[in-house]
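On the provided structure of chain A, position chain B as indicated by the hints.
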Amino acid sequence: MRDLRAASDRRTIVHPFIVRLTHWLNAVAMVCMIMSGWLIYDANPLVPFVFPRWATLGGWLGGAIAWHLAAMWLLVANGLLYAAYGLAGGHFRRSFLPLSPGAVWADLRAALSLRLPHRLGHYNAVQRLLYVLVLLAGGLAVTSGLALWKPVQLRWLSFLLGGYEVTRRVHFVAMAGIVSFVVVHLALVILVPKTLPPMLTGRAKEEA
Amino acid sequence: MSLWPIRKRAKLADVAPELVKLERRLFLRNSLSLGALTLLTGCDLTDGDAVDKALWAMSRWNDRVQGWLFDPNRLAPTYAESDITKPFPFNAFYDVDDVPDIDGADWKLEVSGLVQDKSAWTLDRLRALPQQSQITRHICIEGWSAIGQWSGVPFRTFLERIGADLKARYVGFKCADRYYSSLDMATALHPQTILALDYGKDPLPPEYGFPLKLRVPTKLGFKNPKYIAAVFVTNDNPGGYWEDQGYNWYSGS
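The listed protein sequences derive, respectively, from chains A and B.
Just so we're aligned, residue 0 is where the first sequence starts under numbering that gives the first Met the number 0, counting upward by one.
Just so we're aligned, residue 0 is where the second sequence starts under numbering that gives the first Met the number 0, counting upward by one.
Chain A on its own, in the form it takes in the complex:
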């Protein structure tokens, strides 16, 4: 019953151009940041675990840092473009709101019992929650990353995050949050492959 919308549109714009552009640029930047970041982590692990060499980028610590501090410009510039569009263009408000615990709970139960329909161009409450959370994790990763890069010039930021050593762990947790999201995100794309073409072309045929 909820699917009665815009039935006259044969091909509906599901994802605006800016969202698609920034999504794929972000995917490239994120892969570079995470793979090089894993190699940087491996130089001095926080827990008795290192990332396997094949999953990393840069070849050695100096190469990994060079990648990390080059890709950060793409990540941040692209993130700012996306945030500007999301806030000024109303994308965040339209796509992520309203968001209530009750709706999340209802949609989560429906999803887990495989009874939650996927409606192209419309995010259910669980999706909304996950997208908002991963954006917050991305913001935290960038903020803590800046504090690690500039613990003296940005010492107030380093202080706010609990000092250098705490900030290292915050940066790691933010990465872990983003990677967890990516795992779920990719698993869902595999489960519902029809969501992939609109992320490339922006358009999808209206479902019957």
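Don't take each hint at face value.
[Claimed, not checked] No farther apart than 25 Å at their CA atoms in a straight line, the calculated lysine to aspartate or glutamate pairs in the DMTMM-like style are these: (1) B/Lys85 to A/Asp106; (2) A/Lys149 to B/Asp70; (3) B/Lys117 to B/Asp164; (4) B/Lys107 to B/Asp197; (5) A/Lys149 to B/Asp183; (6) B/Lys52 to B/Asp183.
[As the list claims (entries may be wrong)] Between beta-carbon pairs, the in silico distance windows are: (7) A/Val191 to B/Gly66: 46 to 52 Å; (8) A/Leu185 to B/Tyr78: 51 to 57 Å; (9) B/Asp70 to A/Trp72: 20 to 26 Å; (10) A/Gly120 to B/Asp235: 57 to 63 Å; (11) B/Glu109 to A/Glu164: 34 to 40 Å.
Hint data in this document are derived by calculation from the structure and do not stem from the laboratory.
From a predicted model like this one, the values you see are computed outputs, not experimental measurements.
All C-beta atoms, glycine included, are put in the ideal place defined by N, C-alpha and C.
Relative to the frame of chain A, chain B by itself:
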């Protein structure tokens, strides 16, 4: 194909005894880097040099940005004596058993480049200059950090004493362990940049750089050379042991 441009490798080649080992390491890095890239792009990567050049260019861009971000009056946080990390970790590009064994009585600090007074400095002469102490956090490029206490001559005082051209761009350091590094002049003149003679209450022990170490808490640890044998002022970037292999030259905190 080299991971880093030929210009850099030529400098490494100057360090003759290390040449074979370094060549092997460069080759290793090359293959690992290309392997990771092929994995990343899924393409047949035929021009590794272009990627390397782009990474070097971004690193030089990051040097400039960090120069703009650097506030000459912003101080690194200082700590209480009770915060000092014990034991303070030893770190170098060789094992602790191989640290230079230097006789303080014979040792002299050579001075050259854009300075008026090129006379060498003994330890007594350095100790006669004003001294300053700091308890600051040493942050290693590997990620770990440790808090230590260093005392010595404010580097600005030293540069003024030798009549250095304070408008020059760089100060370079050569060390007894074949290590070398360099600073931008703004950082060299920062109030917390010191030529450290003491660690804690005592003269630097051999593992922390006896007889002279540069302590600069606004840079990563590898920009704090130990066993300093010569200081020079120049307008040509002297690079550094790690910097020439690809660590970001500025590496400011």
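Hint-by-hint comparison with the structure:
1. B/Lys85 to A/Asp106: violated (53 Å)
2. A/Lys149 to B/Asp70: holds (11 Å)
3. B/Lys117 to B/Asp164: Holds - the C-alpha atoms of B/Asp164 and B/Lys117 are around 12 Å apart, at most 25 Å.
4. B/Lys107 to B/Asp197: With a Cα-Cα distance of about 17 Å, the restraint between B/Lys107 and B/Asp197 holds, given a limit of 25 Å.
5. A/Lys149 to B/Asp183: holds (17 Å)
6. B/Lys52 to B/Asp183: holds (23 Å)
7. A/Val191 to B/Gly66: 46 to 52 Å: holds (49 Å)
8. A/Leu185 to B/Tyr78: 51 to 57 Å: Since the Cβ atoms of A/Leu185 and B/Tyr78 sit about 44 Å apart, the hinted range of 51 to 57 Å is violated.
9. B/Asp70 to A/Trp72: 20 to 26 Å: This hint holds: roughly 21 Å between Cβ atoms.
10. A/Gly120 to B/Asp235: 57 to 63 Å: holds (59 Å)
11. B/Glu109 to A/Glu164: 34 to 40 Å: At 38 Å between Cβs, range holds.
In the structure shown, a violation is registered for the earlier hints numbered 1 and 8, in ascending order.
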